[in-house]
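J.: Here is what each chain is made of, one letter per residue.
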Amino acid sequence: MTTDLDWRTLGPAGLEYFGRMCAGVSHELKNSLAMINENAGLMQDLAALAQRGQPLEPQRLAQGMERIARHVERANAVLGSLNRFAHLPDVPRRPVELREEVALALALHRRQAAQAQVELTLAPGGDVSLSTRPFLLAAALDLCLGALLAAGPGAVAVAVAPSAAGGEVVFAGGAPQAAPPRGPEADALLAALGAQCVQDGGALRLALAHLPATY
Amino acid sequence: MSKKVLLVDDEKDFLDVLSERMKGRGLDVTASSDPGQALEMARTAPVDVIVLDLKMPGMDGIEFLRTIKQARPELQVILLTGHASVDKGIQAVRLGALDVLEKPANFGTLMERIERASAKKLVLLEKHDQEKIQEIITQRGW
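For the protein sequence lines, the chains are A and B, in the order given.
Sequential numbering from -4 applies to the first sequence in the working numbering.
Sequential numbering from 350 applies to the second sequence in the working numbering.
Note that these hints are calculated values from the structure, not bench results.
All values reported here derive from a predicted model rather than from experimental measurement.
Not one of these hints is a red herring.
Using 27 Å as the maximum straight-line C-alpha spacing, the simulated DSS-like pairs for lysine-lysine come out as follows:
(1) B:361 with A:25
(2) B:437 with A:25
(3) B:372 with B:469
(4) B:352 with B:470
(5) A:25 with B:372
Sample of chain B residues with no beta-carbon within 10 Å of chain A, all distances over it, derived:
(6) 352
(7) 375
(8) 386
(9) 412
(10) 421
Just so it is clear, CB atoms sit at the ideal spot from N, CA and C, and this is done for glycine as well.
My request is simple: use the sequences and hints to build the entire structure.
T.: Given below as structure tokens:
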């Protein structure tokens, strides 16, 4: 059952966010398709040379096939992320594994992070169950990641941990001037999640509360 | 003499395969996944055509294009990008890009555009040489 509550909370920024994520995914897919296309073309070139009498080198064929397989796998992972993202608004409020949601956000921001020369890694740790609004949670993670990417190059370790109220996501490292997202839209989003985002010892800390199952 | 092509893209695998295919067709190819290094190469090395990605870490393709067109206006640039935004394409053409191709591109089309770009560079250089000669003739009253 879909509700428009998430979209109303996000306002016009919601569509912009959805569009930006889809654009990033389409860019990644195009890159993988280009790789597959060029490797297939290379094999055609090698076949044409072999027809003209040049010995075929099995190693070059194997290398091309390996690259194609790698990019099929990469494109499939990107599509998997897009599919999960597209279904986030399906159930507006439900329990999630916070770590999985953070992993999805990092996967969706992989290309943007590479452009900004920010290396994002998910620190090891256990799962944290959280009753929340998954689509809004993804939008809040996007806000935090946006602040980190805008601050400049660096390596950011993202950690997920339980808290008394629910759970928290800590973004440590990266450029020191990364400021917590502020403004009416960010404030409304964080309030809808029962969340706070603060700077804490050079890290950004997104504290999230369990939301009641009914509202 | 073979045409000198500089490939600039942050996907190293892509550079390797495209370089190999182009070299197989007799082009003199140099490739770089570092836009800063590629810009330096484009400024100083003999290059006819640059095939450039639009989105790269550290430097936007548009910024690259603007900088190299100021330094070497005769150089021909073809954008090859997965970032299929119309406004960026228009901006690139306004800045002097000869063409904007979307990934995945047809290799035959890309080769044809490189051929066309190389011919255009030659015409521009000849025109420049003729203007220089005319300027000298006029100045010296020959």
